[in-house]
Amino acid sequence: MAILNFGYAISRPRAIDVDNNDLRKSNDIIAEMPELQACIGCGSCTASCTAAAITDFNFRKLHTAVRRGEYKGVYDELSKCMLCGKCRLVCPRGINTRGLVMLIKRKLGDF
Amino acid sequence: MTFFAPFTIPFIAGALFMFAAIFLKWLWWTVKLPKVDRRLILHNFFTRNTLVAVWEVVRESLLHIRIFRVNPLLGYMHMSLAFGWFLLIVVGWIETSVYLGWEMIPIQGHIFFKYFTQVNNIDAHSALLENLMDGLLLLVLSGVALAWFKRMASRAMGMRRATKHALYDRIALSALWFVFPARLVAESLTAAIYGGGGFLTGSLGSWLGGVVPTEMLALIYEPSWWFYSSVLGLFFVALPFSRYMHIFTEIPLIFLRRWQLRPTLERKSYDNFEVEACSRCGICIDPCQLQADLGIHDTQSVYYLRDRRYNMLSLKVANNCLMCGRCEAVCPVGINLTTLRINSRAMRRNIPHEGRYGYLTNIDRSSGVGKVGYFAGCMTSLLPAVQRSMMQIFNAVGEDVWYADKDGGVCCGRPLMLSGETDAARKMVAYNTDLFRRYEITTLVTSCPICLRSFRDNYRLDGIEVLHHSEYIERLITEGRLRVAAGAEVYSYHDPCELGRGLKIYDSPRRVIEAVGTLREAEHNRRDALCCGGSLANTVIDDGKQQRIARRMTAELEATGCDTIVTSCPLCQKSIARTATRPTLDIAEVIAQRIVS
Amino acid sequence: MAYRVVIVGGGAAGMQTALELKSRGIEPVIVERDIELGGKVRGWHKLFPTFVPASDVLFPLAQRVKAARVRCFYGQEVTDIASDGVTLRSGERIPADAVVMATGFTLFDAHRKQEYGYGLYDNVITSVDLERMMNGGGVTLADGTKPQRIAILHCVGSRDEKVGQRHCSKVCCITGVKQAIELREMFPDADIFNFYMDIRMFGPGYEELYREAQEKYNIHFVRGRISEAAETIDKRIQIKAEDTLTGRPLRMTIDMLVLLVGMSANYENEGIAQRAGLELAPNGYFKTVDNFLGAVSSNRRGIFYAGAVTGAKSLADTLAEASLTASAVDDYLKEVFNK
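Chains as they are written, first to last, in the numbering used here: chain H, -12 to 98; chain E, 20 to 616; chain D, 27 to 365.
These aren't lab readings, by the way, just hints derived from the structure by calculation. No residue lacks a Cβ here, since even glycine has one placed at the ideal position from N, Cα and C.
Keeping only pairs whose Cα atoms sit at most 25 Å apart, straight-line, the calculated BS3-like set for lysine-lysine is:
#1 K335(E) x K12(H)
#2 K48(D) x K92(D)
#3 K72(D) x K172(D)
#4 K94(H) x K335(E)
#5 K92(H) x K446(E)
Quick list of simulated restraints, FRET-style, between CB atoms:
#6 L95(H) x D224(D): 25 to 31 Å
#7 G320(D) x G60(H): 50 to 56 Å
#8 G60(H) x D453(E): 25 to 31 Å
#9 E211(D) x V388(E): 45 to 51 Å
Model the full structure from these sequences, guided by the hints.
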């Protein structure tokens, strides 16, 4: 895979290129679950996350990336989620995080 | 003697079509059954179960005893239509046989006997039989009248909402509504012209003979039989594609169920029998809290099964369910609604792709040594008082305990299953099973009913006794290992869905509470208990809606006038505590406060 | 004869309103539920952002109320209010020409966030407990020793849908900064961490104090909300959060956890409002006519508000608002009775 991505990866800008990122998918997701925009980035979801305690998994970063139009690798990363639902119990904004994981996975090409 | 008339063609064609369609459906579904299921059928075919199934067919497909229990009026409606119609056919057969002996008469000869007696000049005027047939017709007509009435005013039938139907159903339903009135008209007209008939058709016939001119009677006589035959034919053609397929599907379903076939987390051919056995009676609508508390009217089991059957199931409908099992508890057909719902969620590409849960290898966060294992569960870690209480209880009885997830564990896998990712869930099942085996525990206690359910239903933990903490505490108390002091405190108890309806554990928590105080039951309890709304199974409703469900349920618990609300599920406790004005405790906390050392 | 105004609540807002009314020649009557005046400020150690002892504000205020001979009812709870008087729990009615609601707020009950272990772990305390400790025998751990590592958690019972508190309690951020500095002065060698979601420094001198806390007092600010706390065998507390600025989960063992509890609307507001026909905001506080010219007026003429009864406020804001309330009451009385 590394070889296939070689040329592309090298020229990829470090900055989040909002001008060129395709926000359609992100807007699609937000339209289905507007509460995603209510995230204040407190990190409670990741702090309590069963998977994040074991592996390098960060739901907050992943959905933030999606909202900026950065989808690369998100689907695979999001697959690490065990859907245990603890994050939904701690979210101070009452976001349906578990539904969101499934929604993002679906929109990023699962089914 | 002739038993043919042109008007019988719609009926004959319809009936042939229907039986062919039903036969093909049954054949297809049976052929597609997985090997395990086919083996089960062979294994159980020549057993007592088959006889039991026959009896159940009589009770449920004809008499509808279970609907009677839920709603007598609705039960009567189903019984009068099913059993009444069945008797009409049987008694009609006897009637023809009485007059003509055991001669081979084509089927339309039986159905349209009143017509053919005139054609063939048969002297068929036994008052007993005619009155009996009229009585049966009246029975069926009363059912039809109730069905009409139910459409108009469902509330009067003890149902807040009646089912909204699909197109196929509307055709079949309209045809069915006309079948028996049409028969009444046709037979009454026959009586009007030729005399005879029982108390119903005879009386109506002589009245018609009095008010309608003879030429007019003669003019509409044939068409009335045409109409009767046509609506019957139409009904038969629509039947295999409409909800009325349930009439014929429930029969094989009862047998298959008695032969131990069950739906699983993966879809399979057996599901067809369950899905199409739904009569769409709508009994599942009222208990649904999404309907009662949130006004959601498109996701109840009856709609879900309808959508699934017609291949128009949307993800939203599949996912918008608390899986509390309240509908399953009242379903008169006994359809495994929650399991079916789960396996239809498995629509997504359910891939445990390489590396997805690769991180589960070489992880062990457990601590302690003992033959008794304690698995708190993910949610319980947000309720430290529960864990602490369990530790106090373990200490009080001097139990050596191995703590599986005190420092964070791996999910039991049920949440993934509830979302249809059954293959992915297997990774968790394998991980935890391996962990339990490695520490050679003989008893596994968990505080989370969700975990408990997966340990019992989806794990193979032979040799390890899996207990909910309420069961474990009950045992400690009855064995005299744990001494507790009773007090004057009044408690009300909330049955968690997974523990109650899911695993039928109702008594253990109650006995535990009664050991330390007084228990007052909420209006809905045990099998009928309300869901807290916090269910993991629903990924559609938002936080505010979850709270609305919780609020009504909490209000019921508080209406008992209890001092403290008790539950035995971390998720339920979280939901209740958000909306309660009284202290909400886990059953372990209640006991830990009352330990006598 | 002077007009009489009943003030419900004898905290800072009630006292200040009473004094202002008195100076305008109106007769105030304070009805206080407690056995003395002072409200929530009583028992508070020092005030942000200047570290003025709370008693330096409260004591003169109470003295002046006493000197002005304001009539006070103690230990009396008001169950119902109307523009022409209030009814006490005893059934007694106190007639008036106008009524001021100055019943303040209720502290968020930290037990409701069970994941933080308040009431369960010995060394988890609230910001209010900390003030009491500083005011009394001093700050120690449950076993009497000094804490080496302290975490202060912002937004406990504020901005949290899970406990039905959507609003920001406004004063906790600056209180957290103030308490961190005070703890630093008590324990020069301790590590002090403030866990926050947002830092909201809205008042004069607040931002400066925040910066001072960072630079001068070496307080660590971690952007992330603690999600769970667990007690270790040696009674220390293990906390979990995400350090959102590095994007990684953070685990830490501390000696003491201070929960900055928020301000909730009084439970009684609902019944009082319903019976008096007053409007409540969605978070349960009384709703004012608007935030500008009607910021102390209720939707019922003759009923006014002062202080935190309409939403979280600092002591400074409360005192300023109380003067405004007195002036609005004065205008109202002139308009209605002195045509």
